[in-house]
Amino acid sequence: MKEILKKSLVLSFYELKVKNHNTYLGFLWYFLQPLLMFVVLFYVKHKVVDHEIVDFVPYLFIGVIMVHFFISSTNLMMKAITSNYELLNSRKIEPEIFILSKFFMSLWNHIFETCIVVLILSFLGFLHSFMYFLIVPFYAIFILGIGYFLCVVSTKVFDLTYIWSYLCQLLWFVLPIYYVANEMIFIIKYNPISYYLELARAFTFDLKNISYDIVLLCFVISLVFFVIGRLVFVSQREIISERIK
Amino acid sequence: MIKLDSISKFYYLENGKSSVFYFIKNLFSKDKKENYIALKNISFELKDGEVFGLIGKNGSGKSTLLKIIAGILKPNEGQVNVEGSVVYLSGFYHGMNKNLSMKDNIYIIGTLNGLNKKEISNRMHSIIDFSELSDFVDVPLYKFSTGMMARFSFATTLFTLPQSPDVLLIDEALGGGLDNSFKEKTIKKIKEYIDSAKIVIIASHNYKYILNNCSKTLWMDNGQVKNIGNTKEIIDEYQKFIQ
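Protein sequence lines, in the order shown, are assigned to chains A and B.
The first sequence maps to residues 13 to 257 in this note's numbering.
The second sequence maps to residues 5 to 247 in this note's numbering.
Fair warning: there could be bad hints in the mix.
As the list claims (entries may be wrong) - Selected chain B positions facing chain A (Cβ under 7 Å, derived; list incomplete): (1) N101; (2) S149; (3) G151.
Stated by the list, open to error - If you want the ones that stay clear, here's a sample from chain B, every Cβ over 12 Å from chain A, calculated: (4) D9; (5) Y15; (6) K61; (7) K71; (8) K78; (9) Q83; (10) F186; (11) K230; (12) N231.
Simulated from the structure, these hints should not be mistaken for laboratory data.
By construction, the Cβ of each residue, glycine as well, lies at the ideal position given by its N, Cα and C atoms.
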């Protein structure tokens, strides 16, 4: 496992380098997408939705970067095996390296985005915003579990890439990113991301409202998703590259 | 030592249909899936010091057999016993990232082949010298010509794989797409690699090369062993068969 992690980290570094290749803004590109989403949703909230949200700037920023991390990382991990099919069929290489390298790449992006957001929020007076980093490990493990599962299923069901990207687009609307859900409607209640959002917001700018039930719930969700995802992956690891048609 | 005992390998034929609809339909379908038999009941044993040839038409199962020995594929039936480290030489281009420079790609391939940063740095000069591309070290690969890519990928793969493996499997990797002088150089390098390995299996359509290097040869046809024995006799028989 140590060897797999080492190789994944090296690959993630080169993947970051490729993403920056020949661009003028380089690393800043990672932050531009969530920033643009922030600007649009900020505008929509103020012009269209009439109810007020206290501390709306950190509320929105946390929502945008967390959902952006989820969408970008799961989409990358889902294609980790199918995009390296030829290499996996010509060398004896542990397929997990490619999943983890995509995961680490997304994680570095997220940490970079978060650093900028924390700086902005600190400047605006939200001095506890750095506490968000405490949520990142839980949330990242939850995402990794989903990534393991998706990459296995995508080797058999090619449509999954379309289905998942459509579902991810819907996340921007069905999660309380720029609005407050006054009651936990079905679609929010059964979406684990909404609990991470709640916890992250409590940690970042509303420390008095931290519920230990939510902390425990997020811990359990991370563990369950990671264990299930990894078990599915391990059961298919030996034949995963053969599954691709 | 390599010992293969009644190896069979088959794939389900699903006509490339991999949508959700077909996935669900297959889950509940009682129809027996159609199998494509890639290998059927292959058995042989090789001892240290043997250089073994593998011939047969395209699609006869040579690559599948080598991939099973290399541990890349799993057989559906039978037992495979391979002692020691295995190197499978094929598909030199795989894993290269065309947006990155030659130097970065050497690090990627080296890492994937299990080398650490120091080992890769130590071999960097050998790769650059061998490929004769010292002026292009920091140039991204998409600017390379086909010939330059062939030189670079060949040199990188060969110098970053474990040296002196116990088992060396060569799958149609005898310098295709290279100019004559570089081809000679690669064949010489592969020969050094062959000499350093304990057991070598060479799958090729270059019968002259098989004849010069292999004492024993296996002729495969439709996933089965057609004949096995002295290289010259097998090649003569095969050439008569294909004519």
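Hints versus structure:
1. Nearest Cβ of chain A to the Cβ of N101 (chain B): about 6 Å, under the 7 Å cut. The hint holds.
2. A least Cβ separation of about 20 Å between S149 (chain B) and chain A goes past the 7 Å threshold, and the interface hint is therefore violated.
3. A least Cβ separation of about 21 Å between G151 (chain B) and chain A goes past the 7 Å threshold, and the interface hint is therefore violated.
4. A cut-off of 12 Å between C-beta atoms confirms that D9 (chain B) is not in contact with chain A; the least separation is 19 Å.
5. The Cβ of Y15 (chain B) does not lie farther than 12 Å from every Cβ of chain A; its closest approach is about 8 Å, which violates its non-interface assignment.
6. Residue-level check passed: K61 (chain B) sits 20 Å from the nearest beta carbon of chain A, beyond 12 Å.
7. The Cβ of K71 (chain B) does not lie farther than 12 Å from every Cβ of chain A; its closest approach is about 7 Å, which violates its non-interface assignment.
8. With a cut of 12 Å on Cβ distances, K78 (chain B) falls inside the contact zone with chain A, its closest approach being about 6 Å.
9. The non-interface label for Q83 (chain B) is consistent with chain A: the shortest C-beta to C-beta separation is roughly 16 Å, beyond 12 Å.
10. The Cβ of F186 (chain B) sits about 22 Å from the closest Cβ of chain A, beyond the 12 Å cut-off, so the non-interface label holds.
11. Annotated as non-interface, K230 (chain B) keeps its C-beta farther than 12 Å from every C-beta of chain A; the closest such distance is 25 Å.
12. Against chain A, the non-interface label of N231 (chain B) holds: every CB pair exceeds 12 Å, the least being about 28 Å.
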